[in-house]
Amino acid sequence: MSKKYLFYYVMLIVNFQVNSQYCQRLYEVYHNSSNKVQRHVRIDKQEYEVIVSGGGGAARASAALLLAVLRNILLYTARLDPVHRNVCELMTKSLALAPAAILNHEDCGIGSNIDRITSLSRPALPVNLHFMARLSTTSSCIIESWTFLKNISALTCGFLTTKYFNSEESQRKFSKQCNESPCIVVLARNESSYDSEILQEFEKRASNAELNVAIIIFDTDTSFRREVFTLYNSNRTYLFIDENIWINDPDVVQLEFPPCPRADTKCLSGLIVNAPKAILIGDGEDVKDYAPPIYKLMNEFSPKPEHIKDVLLKELDAHNIEEAACFWALNNKIEFEQWFKVKEKKLPPEYVINLITCKNDSYIDLYRKVCVVVNIHFLWRDIKELDYRINEMPLNCTNKHELQIAVSSKQKDLAGYIVFGWHPGLAGGSNTAQYTQIPLMVAGPAKDSLLGESTYGTSGKLTDLARGYRHFLSQCGWSRVAIVSDDTEYSKSFAEAIVSGRNLNYVQVTVSEDTISWGLRELKSYDARIIIVNTDCVLADAILSKVVKVFSPLTNYVWIVRDWCVMENRRKIEGLVHFTIEFSWRGGKVFGGSDDLRLKLSEIPGLMQRNITSVPEISYLADALLQLGHGFAAYRRHDISRRFDLHGFGTAQDYYEAIGAVNVTGIAQTLKFNNFSVHEPLVFVGRWRGNERDSVAIWKLVNTTVVKIWSAINDTDSCYSILGFTKISDSDNCIVRSGNDFTPRCHDAFILIMITSVLLICIAIYVAQRMRQKRLLAENEALVARLLESRQEKASALIGFLVDRGSIRLLHEIGSGSYGRVRFAELTRPGRGTLVVAAKELHEGLLSMAEENEILREACVLARLEHNNVIRLMGVCLVGGPPLVLMEHAIYLDLQRYLIERRHLATKLVYDKEADYEMSDECLTRWARDAACALEYLTERRLVHRDIRAANCLIDKKRSLKLADFGMARELDEEESTYMTCRKGLFPVLWMAPESLKEGVFSLASDIWATGVLLLEIATIGARPYGDWPTWRVLSHVVDGGRPPLPPDASMQMRKLLQRCWHMDPYRRITATELREYLTNNPKVISITLLSPEPPLIPPLQEADIKFLT
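Count along the sequence shown from 1, then add 20; that gives the number in my numbering.
FYI, nobody ran anything at the bench for these hints, they're computed from the structure. Every residue, glycine too, gets a C-beta built ideally from N, C-alpha and C. You may find that some hints are simply not true.
[As the list claims (entries may be wrong)] Below, in silico cross-link-like pairs of lysine to any residue (SDA-like), each with a Cα-Cα straight-line distance of 25 Å or less: (1) K747 with R707; (2) K1018 with R765; (3) K389 with A338; (4) K1018 with L925; (5) K308 with Q66; (6) K432 with H658; (7) K432 with T456; (8) K569 with Q528; (9) K1018 with C766; (10) K747 with Y526; (11) K569 with Y526; (12) K569 with C585; (13) K978 with D993; (14) K316 with N52; (15) K977 with R892; (16) K297 with C280; (17) K978 with L925; (18) K353 with A338; (19) K609 with C585.
[Stated by the list, open to error] Label pairs and their computed distance ranges (CB to CB): (20) F611 with G521: 20 to 28 Å; (21) G680 with E48: 32 to 40 Å; (22) G680 with F611: 32 to 40 Å.
Produce the complete structure using the sequences and hints provided.
Structure representation (C-alpha cells):
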C-alpha cells in the first residue's frame, strides 16, 4: 500500500470515529438520555424488526432519513436495506418500508395482499434518471439542448474529456468509447437493473445522434457520488446522469435525452427515459393496525430534493449514510420535525400504589407524610413517563382474611401494593398476589417463605436480620440467650430464625401486656443476662419500663430490642441501655443512600426527634415506595407492548426481570433486588438510652458472612466496639455442671477441692519421686540386678518356652508396632528341625523395664492360651540381649493387608475360582466365625483383649483366622466383669465401645463391639471403618450414641447382626457364644459391600486430652 493510500485510510477511520455519534446525539436531543431503549412491532404475538429499503442515491438517502426518525424519535428497532427492491421482493419481508419501490410489470402473485404493505400512493420522492450538465461558475457557455454538444464549440466550454480520465484505473470505467479523441465524457451509475436499462437507452440514442461522447460508469452509488461531488466542489464543467436532486441548483442544467431512432417505435422522447412506476411502501393495513406511529410518519414523510442532496454530500465525510442522515436532522430540525410533528407533551398516565395499614395504627399520619414526600419530590422528579397516586387502605389487622380480599382486586391502573412485614394476614395476601400477578412489596424484614412469584422483600429477609443478631452474639462470644416474645406468628418466625442458625443455649418466654411482670420474674429465675425483646415497639416499651424494677444492677444485663419507637415520658428507663439491630436507618451514620431524601424526611414535623426517626417503618416505607415506583416504571418501560396488559398471565416473571435490573438509591443505601429480596442489605446497630440513640456500627450481609462497614469504636476487642463497655458474661463460669442446660447446677467448688487434694498428693508424690531418683542414681548396679531379677521371674512363668539365642536366626522385618517390631525368623530345635516363626523384639533404644515388662507380659498371656484361632507362643529368649518373643508364623500375615491386596477380586462381576475361594460369602463368614470362636475362648478364660481389629488378626496357610497381639490384653478377676484404666496411652478409637471412650471401661462386651467393627472390615474388604472421618469426629459420634455407618448395599441380615454387636447397653449386646452359633447357622451372612457409607454430619469437638490410635 502506497503512502498516499495509507494516509487516506487512516483519515477515513478518524473521520468515521469523529462523526459516528450523530445518531446518538439525535436520540439524546429528543429523549434527554444516553441509554437507548427500542421496541419491536408486534403482529400476532410475534415481534418484528422494521426494514427500510432504498437503493441508488435519492432512495437510499431518503430511506436513511426515514430510519433516523424510526430509531431515534419513535424508538423502533430498525435497520437499513440499501438495495433497490421492487414490490414483489418487499412482499416477502416481515415488515418492510420503502420511500420509493418500483412496481413490477409482471404479476408475482401479490393480488389483494398488496393492501397489507401499501395503499398504492405516490412515492416519497421521484427516482427517475435525468441527463444533466453542470457548468462552472466561470463558464460563459449557455446550454439549452443536447444539440449543443454536437458543435465543436462545446469543447471550448471546459467539459471534461477523455484526457482527464486517461489513467489505467479510469480506463476500466469506460462503457462507450468515442470516435474521436478527445471527446466529452458522461458520468453515470450502473448499480441496478433500472440503471442498466437507462444506460443502454442513452448509448443507443447518443450513437443515433452521432454525439461524440464517452460514458464512464460506476458500480456503486457511493463511488459515483464521490466523483460527482468532488468535481462539483472543484468547480468543473461536466455531464452526468442522475436523479433529479439538483432541481434548485442554478449551475446544473437539465437536458433532454437525444431523440429515439426512427425505427424504434417503443422509444419515448423527452426528459425522462423509461420512467418507472414507483409507489410508497409502508402505509398499508399491517402498519396502520400494529404500528400507528409509523403509519402516521409514512403519510407525512416527504423529503425535498435539496434535503436528499445534502445527505448524500455529508456521506462523503461521515462515510455512513445513516450518520449523514442524523447529521442533517440535527441541523435542520424544523424540516425534520414536520414529518413526525412533535406536539406538546401530554400529561403522563397515572398509576395507583395501594399502601395497606392497620386501622388502629397510631403512626398512620406519619406514613401519609412519608408517601407525599417520596412521591412528589422523588418519584415525580425521576420518572417522567408516568405519575403515581398513593392510596391508603386501612384494614382490620385482627382479621387475617381482609388483606387477602384487598389484594384480590385487579384494577387496570394498579402498580402494586405495599404492606409491612409484621402484618398478620401477609401469608394469605402473598398467595393472592401470585394469582393476580400484582407486585406485593413487603416493607420491613420479610419471612423467607412468603417471598417469590409476586412478593418482594424491599428491606431484607427475616433470616438475614436474624443473621445480624447471631453475629452480634458471636462477636461477644455469647451462646446463652433468653428471648421474650409476643404470641404473633411473625415473632415466632423471627425467634426460630435466630436460634436455628447457631448452636445457642436459649430459653423463650411468651408474654402479653398482662403477663409482663411474670415473664420478667421467669427470666430472673433463669439467671438470663443476654435478653432479646422480640415484640412490637409498644409492648417493648412496656417491658423495659418494668425491667428497671425487676433486674438490678442494670449493668449486669444486655437488652436487644427488635422494634423501638420514640415515645414520651421515658424518664424511668433513661438509665437502661439497650441495643437495636435493624434494616431501618434511624438516623446518624450512613453508608450511601440519598442525602436529599434524608433531608426532605427530616423536614416532616414529628417524623424525626433529635435526628432520630420516630419509628423504624419510616425507612422501610420510603425504600419500598422507591423500589415499587422505579421497578414498575422499568417494567412498563421494558416492554411497551405490555402497557395494555400490565397484570396478565406471566407478567410477574417480566416484572421480576425488570426490577432485578434496577438500582434504586434508597434512604441509606443502594437497593437492588436478587432472589425477590434486597441484595446484600445493610444492618444498622444502635445503642439507646430511652429516646437517645448512638450509632454503633453498620454491617453488610454478603452471602453467608457479615462484613463490618463502619464502627463508632475501633478496638481489637470486637465486643467492646459494639457495647462501648466491658463485656458481660452470659453465665457464671462453670466447668462441671449438671441439670438443666440453661440453668445448671455448678460443681466447680467441689471439683476445685478435689483437684487441690490431688495436686497436693501429686506434689507429695513428686517430692518422693525426686528423692527416689536421687536414690536410684546411687544404686545403678542394684537397678541392673533388679532388671535381671525381673527376667528371672518371667522365666519361671515361661520355663517351658525358653530357647537359646543361638538357635534363632533373625531375618527381614514383616511388621511394626508402637514399641516393638516383628521379624521373620527361623528357630532351630534340636532333633526336630527348623521352624519358621515370627519374632517380636523391642525397638532399638527402648530397653527400659516398662517396655520389657510389656513384651514379656504378652508372652506370659500367650503361654497360657491354646486355641486353633489364637496365635500360639513358640518360644522366649531372655539371655544374651534384649528379650525375644517367638510366635507362630502366619504365612498370609494380617487380615487387613490380606483383604486390601485382594480387593480387586471383589470388584469382578463374575468370580473366577481364585476369587470364589478367597472372597466368597462363605469365606468371609468363616473368618468372622473364627474371630467369634477366639473371642468365646477368651471369654472362658476371662481375658479382655481390648485391641480386636483386622490388623491384629492373622491368616495362616489354611486361610484360617488367628487372633494375635495381646499386648493390651487384661485378665479379669473372678468378682469383676469390667476392667477400668485411667492411664493415657494409644487406644484404637475406631473399634472402641462408647463406655470405653466415655469412662475408660473395658469388658468382654466391649470386645464384642470391636468384633462387630471387625466384621464390618471383613465385609468392606479392608476398608477403614467410618470412612475418612477424623478420629475426634468418630469419638464424638460414638459418645453421642452413634454407631459405625454402614454401606447402602449391606444386607438386612448383616445389619441386624451388627446392630446386636453395637448395642449402647453393654449388657444387652450379643455374647461371643451367641455370635459364634449365629455365624455357624448362617454361613453366608457376611457378604461383600463396596459402596461408601454416607455418614451424618456432626458438630466439631474440642480437642480432647487423649491420644488416638487409628
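Outcome of the hint check:
no. : hint                       : result
1   : K747 with R707             : 15 Å, holds
2   : K1018 with R765            : 21 Å, holds
3   : K389 with A338             : 55 Å, violated
4   : K1018 with L925            : 39 Å, violated
5   : K308 with Q66              : 17 Å, holds
6   : K432 with H658             : 18 Å, holds
7   : K432 with T456             : 12 Å, holds
8   : K569 with Q528             : 21 Å, holds
9   : K1018 with C766            : 21 Å, holds
10  : K747 with Y526             : 19 Å, holds
11  : K569 with Y526             : 23 Å, holds
12  : K569 with C585             : 21 Å, holds
13  : K978 with D993             : 35 Å, violated
14  : K316 with N52              : 24 Å, holds
15  : K977 with R892             : 15 Å, holds
16  : K297 with C280             : 21 Å, holds
17  : K978 with L925             : 19 Å, holds
18  : K353 with A338             : 19 Å, holds
19  : K609 with C585             : 19 Å, holds
20  : F611 with G521: 20 to 28 Å : 24 Å, holds
21  : G680 with E48: 32 to 40 Å  : 26 Å, violated
22  : G680 with F611: 32 to 40 Å : 22 Å, violated
Going down the numbered hints, you'll see the structure goes against 3, 4, 13, 21, 22, while the others check out.
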